[in-house]
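Since the structure of chain H is already known, use the hints to place chain E on it.
Next come the chains, spelled out residue by residue.
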Amino acid sequence: MPKITYIDASGTSRTVDAEVGATVMETAIRNNIPGIEAECGGACACATCHVYVDEAWREKTGEPSPMEEDMLDFGYDVRSNSRLSCQIKVTDELDGLVVTTPERQA
Amino acid sequence: MSDPIKTDALIVGAGPVGLFAVFELGLLDVRAHLVDILDKTGGQCSELYPEKPIYDIPGFPIVTAQGLVDGLTKQSAPFDPKIHLNEMVETIERIGDPLFRVTTTGGKTFEAKVIVIAAGGGSFQPKRPPIPGIEAYEAKSVHYAVRRMEDFRGKRVLIAGGGDSALDWTLNLAPIASHLTLLHRRSEFRAAPDSVNKMMALVGEGKIDFVMGQATSVEGADGRIAKVIVKRNDGSNFEIACDAVLPFFGLTMKLGPIANWGLRLNEELIPVDTEAFETNEKGIFAIGDINTYPGKLKLILSGFHEAALMARKAAHYVFPNKRQVFQYTTSSTSLQKKLGVA
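Sequence order for the protein chains is H and E. The opening residue of the first sequence carries number 1 in my numbering; numbering runs sequentially from there. The opening residue of the second sequence carries number 107 in my numbering; numbering runs sequentially from there.
Hint data in this document are derived by calculation from the structure and do not stem from the laboratory. Every value quoted in this text rests on a predicted model; they were computed, and no experiment measured them. Heads up, some of the hints might be wrong.
[Stated by the list, open to error] Taking lysine to aspartate or glutamate pairs in the DMTMM-like style, the calculated list, with each CA pair at most 20 Å apart, reads:
id	chain 1	residue 1	chain 2	residue 2
1	E	360	H	37
2	E	158	H	39
3	E	404	H	39
[Claimed, not checked] Counterexamples of contact, computed for chain H against chain E with all Cβ distances above 10 Å:
id	residue
4	8
5	10
6	11
7	19
8	20
9	55
10	87
11	91
12	92
13	94
14	96
C-beta: ideal position from N, C-alpha, C; glycine also.
Just chain H, same shape as in the assembly (with noise of 0.2 Å):
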């Protein structure tokens, strides 16, 4: 089983075991990880699971879709790593991943 890890604002760090084909926010949901609310559920229609992929995992997780983009611009602090969660699979790639949630949620 792929294991992500989640690291707050704070800096604290939680590491999960994933289900391949889950997303990443439902991941974070199941485990009841703080700092992601995914609001609409998974619909890619708010931006309240919002994430900073590690740099280090940019290239395996790819780049926001532009659908993805457009509700990024809903976001707290948006950056150039910036994702939402409930749009990146869990792969075997994937596992080891590291993504830190922002201060807040929008």
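Structure of chain E alone, referenced to chain H:
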């Protein structure tokens, strides 16, 4: 006050569950008016994800959210619901047993025998941008809608956002404001290309400024804004002096006035019984995502079930002396006549 609009049922929210409630009530001869704050029916389905497929509507292996709304609209059409869009139910007052007087933000008054709250996550309201302390400026300097363009005459206006609202108001206010800046995170917009071209033309003519970045904080005094601190995408900061800020960051859902209707609430949800999905107030029902009860699942199909059971009890209040007969649409000519197919 104008004469109240009299109706059997007033449905608060015209999303999928509110629309299906029209159908279930209609089969029992209960006529309904619907009120919704959005400019269209369909609730979250139409506002948030019209093109997304839904896979768990019984009998439809796949249907888009808008497709479902269109189907529900067609299904409720025989009962000719009266739909009041762009307004929000503001107050509910009990004047009978049960009978309610209801007012809306659109200035309408209704007299309804029963009320069905099918408000989903609450009412859609403009999203407050995540800028610390912005609340303090909302009365005087920060506006989420433009009510009177004249209010901005001669002012230094900052518009934030990259959608149609941001672009439309940039174009409309450019000739009125003394100085106008459009602030957006990137060079792509989620707006009509024609508006974007017009905006860029204004920038080219030196009539407005377009700035790429994100507002991170505001400064001012006594509720009057003086400047907005903007972070550029390279991480550096700069300031934009302004008198008015218009953030257009989409919509979010808020419980809104529902909290003031005297209903028992449980974490922004309305507890109901599971026989009729009635609240602690006789004659006020709550169905769909807005309600809660043991085992509740926030699924559209649960809302449909709730609508059917609600309708039985609502019909009992509307027609207290009428015996209810349980009928199937497949075999009942009486139901088929109501649907206009027999």
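Results for each hint:
Under the criterion of a C-alpha separation no larger than 20 Å, the hint pairing residue 360(E) with residue 37(H) is consistent with the structure, at around 15 Å. A threshold of 20 Å between alpha carbons decides the hint, and for residue 158(E) with residue 39(H) the separation of about 16 Å falls inside it, so the pair holds. For the given pair, residue 404(E) sits about 13 Å from residue 39(H) by alpha-carbon distance, which is consistent with the 20 Å threshold. For residue 8(H), the condition that its CB be more than 10 Å from all CB atoms of chain E holds, with the nearest at approximately 16 Å.
Here residue 10(H) stays apart from chain E, with its beta-carbon at least about 17 Å from theirs, past the 10 Å limit. For residue 11(H), the requirement that its beta carbon stay farther than 10 Å from each beta carbon of chain E is met, with the minimum near 20 Å. The non-interface label for residue 19(H) is consistent with chain E: the shortest C-beta to C-beta separation is roughly 19 Å, beyond 10 Å. No beta-carbon of chain E is positioned within 10 Å of the beta-carbon of residue 20(H); the least distance is around 20 Å.
Every Cβ of chain E is farther than 10 Å from the Cβ of residue 55(H); the closest lies at roughly 15 Å, confirming the non-interface assignment. Taking the minimum C-beta to C-beta distance to chain E, about 13 Å, the non-interface status of residue 87(H) holds against the 10 Å cut. With a cut of 10 Å on Cβ distances, residue 91(H) stays outside the contact zone with chain E, its closest approach being about 22 Å. Against chain E, the non-interface label of residue 92(H) holds: every CB pair exceeds 10 Å, the least being about 25 Å.
Non-interface status of residue 94(H) relative to chain E is upheld: no Cβ of that chain comes within 10 Å, the nearest being about 24 Å off. Every Cβ of chain E is farther than 10 Å from the Cβ of residue 96(H); the closest lies at roughly 27 Å, confirming the non-interface assignment.
Going through the hint list in order, the structure satisfies each hint without exception.
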